[in-house]
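Chemist: Same order as they appear, the protein sequences are chains A and B. Per this note's numbering, residue 1 is the first one in the first sequence, and the count goes up by one each step. Per this note's numbering, residue 1 is the first one in the second sequence, and the count goes up by one each step.
Rather than coming from a laboratory, the hints here were simulated on the basis of the structure. Be a bit skeptical, because a hint or two may be false.
Which copy is meant is left open, because identical chains are indistinguishable; a pair holds if it fits in one copy or across any two.
Said to hold, decoys possible - Only pairs whose alpha carbons sit at most 25 Å apart, straight line, appear in this in silico SDA-like list of lysine to any residue:
| no. | residue 1 | residue 2 |
| --- | --- | --- |
| 1 | LYS41 | GLY87 |
| 2 | LYS41 | GLU4 |
| 3 | LYS101 | VAL40 |
| 4 | LYS41 | ASN77 |
| 5 | LYS41 | ARG110 |
| 6 | LYS101 | SER70 |
| 7 | LYS101 | PRO55 |
| 8 | LYS41 | ALA72 |
| 9 | LYS101 | GLU4 |
2 protein chains.
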Amino acid sequence: MSIEPVAGIEPPYYAVVFTSVHQPEVDGYAETAARMMELVKEVPGFIGYESARTPGGLGITVGYFRDEESIAEWQRNREHQAAQRQGRVEWYESYSVHVAKVERSYSFERQ
Amino acid sequence: MSIEPVAGIEPPYYAVVFTSVHQPEVDGYAETAARMMELVKEVPGFIGYESARTPGGLGITVGYFRDEESIAEWQRNREHQAAQRQGRVEWYESYSVHVAKVERSYSFERQ
């Protein structure tokens with residue numbers, strides 16, 4: 001899992017916010033999620049991701065991409081498409097996706 | 001805490017992605033976070049928020065707002081500003097904020 005906030009780069013760039021609810025400890029979910037997190041790194045224009053999940057609750061993954069084309073390439077990935085189908089059939093109770101163009105960012109780090 | 005994904009509304013609208021790392025169980029954090037989650041609901045143009053935190057890891061809160069003016073109003077709130085200062089002094093190891101204009105959204109709900 002990602003353990004650091006993703007620092008912004010020079011805008012514009014894109015954030016894809018994926019929020020989901022699924023049953024705890026569902027078969028195969030953790031392995032597939034980990035595989036997707038590796039696979040997305042191969043997409044040209046992928047910047048980074050952040051992921052958090054409250055036990056028994058909501059999961060939020062935010063993927064950052066350079067442009068629309070890099071998001072489209074990730075959406076066209078066959079293994080990703082298969083994982084999405086499996087997610088709808090087997091894992092997710094609900095999810096929302098918001099695709100957004102980042103206009104500004106800032107960060108803080110304790111000295 | 002929010003337990004449902006926020007469904008999109010007709011775009012454009014804004015997503016503010018706030019990702020943070022802090023010490024576990026720091027004094028006063030949970031109370032202040034809960035207070036902020038109540039307070040933000042009073043901001044005209046506030047749509048909703050999603051929040052998740054991996055135990056011992058990253059926290060992600062995404063706030064959705066109608067427009068730039070509603071984000072600015074939340075940033076001007078004195079109690080919010082005081083909480084942000086306290087966060088930098090006492091709680092956060094690091095955080096990043098990405099302010100992004102949502103261009104499209106979609107969601108899934110199990111039938």
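Chemist: For each hint, tell me whether it holds in the structure or not.
Modeler: Consistency of the hints with the structure:
1. LYS41 to GLY87: within (20 Å within a copy, 32 Å between copies)
2. LYS41 to GLU4: within (16 Å within a copy, 28 Å between copies)
3. LYS101 to VAL40: Intra 19 Å, inter 23 Å, cutoff 25 Å: intra and inter.
4. LYS41 to ASN77: For LYS41 and ASN77, only the intra-copy Cα distance (12 Å) is at most 25 Å; the inter-copy one is 39 Å.
5. LYS41 to ARG110: The answer is neither: 28 Å in one copy and 29 Å across copies each exceed 25 Å.
6. LYS101 to SER70: Classified as both: same-chain Cα gap 13 Å, cross-chain 18 Å, threshold 25 Å.
7. LYS101 to PRO55: neither (29 Å within a copy, 29 Å between copies)
8. LYS41 to ALA72: Close inside one copy (14 Å), not across copies (34 Å); limit 25 Å.
9. LYS101 to GLU4: both (21 Å within a copy, 23 Å between copies)
Hints 5 and 7 from the list above are not met by this structure, while the remaining hints are.
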